[in-house]
Structures are given as C-alpha cells and as structure tokens.
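*Asks:* Put together the whole structure using the sequences plus the hints.
From first to last, the protein sequence lines stand for chains A and B.
Numbering (the working numbering) for the first sequence: 1 to 248.
Numbering (the working numbering) for the second sequence: 1 to 203.
Everything labelled a hint here was simulated from the structure, so no lab data went into it.
All of these numbers come straight from a predicted model, not from anything done at the bench.
Quick reminder that beta carbons are idealized off the backbone N, C-alpha and C, glycines included.
Worth double-checking, as some hints may not be accurate.
Claimed, not checked - In the EDC-like style, the derived pairs of lysine to aspartate or glutamate whose C-alpha atoms are separated by at most 20 Å in a straight line are:
{"id": "1", "chain 1": "B", "residue 1": "Lys133", "chain 2": "B", "residue 2": "Asp99"}
{"id": "2", "chain 1": "B", "residue 1": "Lys133", "chain 2": "B", "residue 2": "Asp178"}
{"id": "3", "chain 1": "B", "residue 1": "Lys133", "chain 2": "B", "residue 2": "Asp79"}
{"id": "4", "chain 1": "B", "residue 1": "Lys88", "chain 2": "A", "residue 2": "Glu78"}
{"id": "5", "chain 1": "B", "residue 1": "Lys196", "chain 2": "A", "residue 2": "Asp50"}
{"id": "6", "chain 1": "B", "residue 1": "Lys88", "chain 2": "A", "residue 2": "Asp76"}
{"id": "7", "chain 1": "B", "residue 1": "Lys133", "chain 2": "B", "residue 2": "Asp193"}
{"id": "8", "chain 1": "B", "residue 1": "Lys196", "chain 2": "B", "residue 2": "Asp19"}
Claimed, not checked - Partial list, derived from the structure: chain B residues whose beta carbon lies under 7 Å from chain A:
{"id": "9", "residue": "Gly26"}
{"id": "10", "residue": "Ala38"}
{"id": "11", "residue": "Tyr200"}
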Amino acid sequence: MGGLTWRVARVLDTHQENASARSLHLHVPGWPGHRPGQHVDVRLTDERGDQAARSYSIASTPQGEHLTLTVVRVQDGEVSPYLVDDARPGDQFEVLGPIGGYFVWDAPGNAPLLLVAGGSGLVPLMCMLRARFTRPHGVPAALLYSLRAPDDTLFAHELDDYARRDASFVLTRTYTRTAPPGWTGLTGRVGATTLATVTTRPAGTPEPTAFVCGPTGFVERVARTLVELGFTPDHVRTERFGPTGRTA
Amino acid sequence: MTDKPLVTRGFRGRLRDTDPARLPPGQYVTSDFPVLSAGPTPTSPLARWDFSVYDDDTLLTRWTWAEFLTLPAEDVTTDIHCVTHWSKYDTRWRGVRLDTLFDLAGRRAPFVLATCDGGYTTNLTLEDVLGAKAWVVYQYDGHPIEPEHGGPARLLVPHLYFWKSAKWVRALKLIQQDHPGFWEQRGYHNHADPWKEERYWED
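*Replies:* Structure follows, in structure tokens:
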C-alpha cells in the first residue's frame, strides 16, 4: 500500500440491492487499485463544514479507476443513510484507500477458499468471490451465508449463477429468523454442525483459508468453532463490525 | 488530492456538540464498544498465563497471574480512539503502569515491542509508554476484561489509536531498534497519534 490521500469520488450510478442496502458505482480519478477484501474511508462534508467519516468494504474487483461500494443502512447512522437513500449520480464525496493488509485474498496458491458471511459481512467476501470467478480455474471455494430473512439477501442472482456454472463453488445459505416459502435448506444460526458440513474435505487436500465477516458475536462464534474443528488460527482471518454488549 | 473539503450535495452532518479539545479530528463518539481483531480470539487459561519482560531476547522477569495481581495497580479513566473512527469516552480500567513493570525489570531501551497470544505484535517508543501513559490492564468497568476485548490482560495506551493497545498481551520486549508490529507492517501508521490523524502509511 503506497501513500494514502483523500480523493474525489463521483457517483456514476446506484443499484438498490434490497430495502436497506445499495451499491454505489464510483469513479475515483487517481485510484491506485485495491486487493479483494480491502476497504475505504468515506468522508462527507456539508455546507457548514461539518464532516463525518466511516469505513466501507469494496465490493468490486479492481477495474482501473472504478469502484463499487455496497452499503447497508445503519439505524440512526450518520453516513450510511446518505449513501443508501440520498446519493445520486453526479454527487461527489471523498474516499481514502485502499485500507487493510490482512483481510485480503489475492495470491491464492492452492488453498481452497472458505468464506463465512453474517449479513452485510458478505460485501468484502463478495469481492473475493468475484475475483475468484475472473480466473478460468479458480481454487475450490465455499460460501456459507447466514442471513436473517429473504429481505436481507444480497447479490442473490449473482451467487446462484456462480453456483450453477461452477461445481467447484459450493453455496450454502442459512436463514436465522425467516426462511423463504418452501425453503428446504438450512435454518438457524451457524454452529459446529453447519460448519462441519462445509469444512469437510478429502484427506490430503490443503487446509482452506477462511475469511469470516459479520457482526461481532457471529464472527467470535464462527472463528472459535473453526479452530475447534481443527483449523489453525492463522488460517482464520476475521473482520468484525457492530457493537458488542456486555451481555452479548 | 483535494485542497479544501469538498461539499457533498444532500449530506447534512450532525452538528458536533462535542468539545474539539476532546474529540480528535475524523472521530465520532460512540457508547458501544466495537470489537476489531484479525483472527480468532485466543484462549489463555489463567493457570497457564504469565507476563514477561525481555531485554531483546533475554528474559528479565516473569510474573504468574497471581503474582501480576499483587503488583501496584491503579484505576484509569480515559477516552479511547479507534482508527476506524469511533471514540469512546470515560472508559474505566485497572492495571499496572509500564513505568512500574520496567522499574521492576530494571531495564530501559528506546523501543518496546508488545507480543500477544495469537501472534499479534505492536511497537511503541519508550517515550510513548513512560510517564503514566501506558498500562497492562486486567479489569474493564470493574470486571475482568472479556476475551473479545483482550482479556485476561491487554495493553492500554490511550493517547495513541487503539490498535496500539494490544489485546491478549503476554510480553514486552525492550529493543534498541524500532520494529514495526502486525498492523504497522500492513499499512497502518508506525506512531498512531489520533490528534495528528496518523492512521495509515503516508508518502
């Protein structure tokens, strides 16, 4: 990562992903490129000079000076409501990045990829998956995607399309509160049983690199369980968001 | 590169009622206590926990958990500032000053490398940790520190961004030459002063 500087991002277009999430396609002159899993700081300034900055994961694979952020609205948030509800093509704000040198996947070697997403924690993992599907013979990959309800789903068609096209990609969803009508797949929170099914591998195959992203409680539980299932801790990379209560 | 702040159409910030002498630039105040870690939370049973001070690779002193609790401790109430832009006011901790630990070890060196369960490291200058500016803490808000917040013991260096306050700290190594730690090797600033917004590598 070279020197970082605030750059102007212009909104080219937006895409509503669901009721609370939107993707913003940005043009950032001078953008130096990024690695899947990295994030940016977004800084907004109003006409009074009042500023607010937050971090958002990059959803798009490196494409020159173009960048897509997928943002989920945080109740009572200051920055995300603007990005999800108000920003429109032509609007400009500042971005700083790319940031992060550990929760990244771009030199895959032979290790399979295990992605475990809780809610909007899918976004940086989606960037890795998209990068993986730009290669003709990607390493085996599995995504376990935990979401509360069908209304929360992100990138549904794209994920299903990947799963249809490529037998070496295994897509598993689990709904923790409300499943779609007729759903015969998994329900409930991700635990040892679920993780064991997606981490079982033939003897002699390399240990996957696991990337886990979601709310704190989710990431704590998944990362701990993966270690209990035999993962070496430095094969489990985590990114967490959201608060943790003392009783959580 | 922007010379002056760019006004974003349609954005209306929440006028800060915060004291600019208390909230560093680019931060917002939260009452939550977010968790950020690079990997799984390590578990270190207290029976096997100890804390060491090294002069380079030479062990100077080592305390068991029970011994560590007998060291002179103090209560600290302080604001903390995370590089991900949140700040939390008036957090309450209890622990041992690094001044005390180095006095008991009988040694000083210009730089300190903290090493932790899980392999995490962070680097600090001696100047940044002496003079009641840094502690090894083992209580938060009157209770043992929860594992995801760095328990059983973590570093507390509140005048720097909070990644310098390494979780699950097990040893301090006194070194003659600075050695960048985990995040400091991965794009984050070597010093991390929130008042200067030393967040990331610079040109």
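*Asks:* Does each hint fit the structure? Answer for all of them.
*Replies:* To see whether the hints hold, each was checked on the structure:
Restraint check: the Cα-Cα separation between B/Lys133 and B/Asp99 comes to about 9 Å, which is no more than 20 Å; the hinted pair holds. For the given pair, B/Lys133 sits about 19 Å from B/Asp178 by alpha-carbon distance, which is consistent with the 20 Å threshold. Restraint check for B/Lys133 and B/Asp79: satisfied, since their Cα atoms lie roughly 12 Å apart, inside the 20 Å limit. Restraint check: the Cα-Cα separation between B/Lys88 and A/Glu78 comes to about 17 Å, which is no more than 20 Å; the hinted pair holds.
Restraint check for B/Lys196 and A/Asp50: satisfied, since their Cα atoms lie roughly 18 Å apart, inside the 20 Å limit. Taking the CA atoms of B/Lys88 and A/Asp76, the gap is near 17 Å; set against the 20 Å cutoff, the hint holds. For the proposed pair B/Lys133 and B/Asp193, the alpha carbon gap of about 13 Å is at most 20 Å, so the pair holds. The straight-line distance between the Cα atoms of B/Lys196 and B/Asp19 is roughly 17 Å, inside the 20 Å bound, and the hint therefore holds.
Hint status for B/Gly26: holds, given a least beta-carbon distance of 5 Å to chain A, under 7 Å. Of the supplied interface hints, the one on B/Ala38 holds, with its beta-carbon coming within about 5 Å of a beta-carbon of chain A, less than 7 Å. A cut of 7 Å between beta carbons decides the hint on B/Tyr200: the least distance to chain A is about 5 Å, and the hint holds.
The structure is consistent with each of the numbered hints, conforming to all of them.
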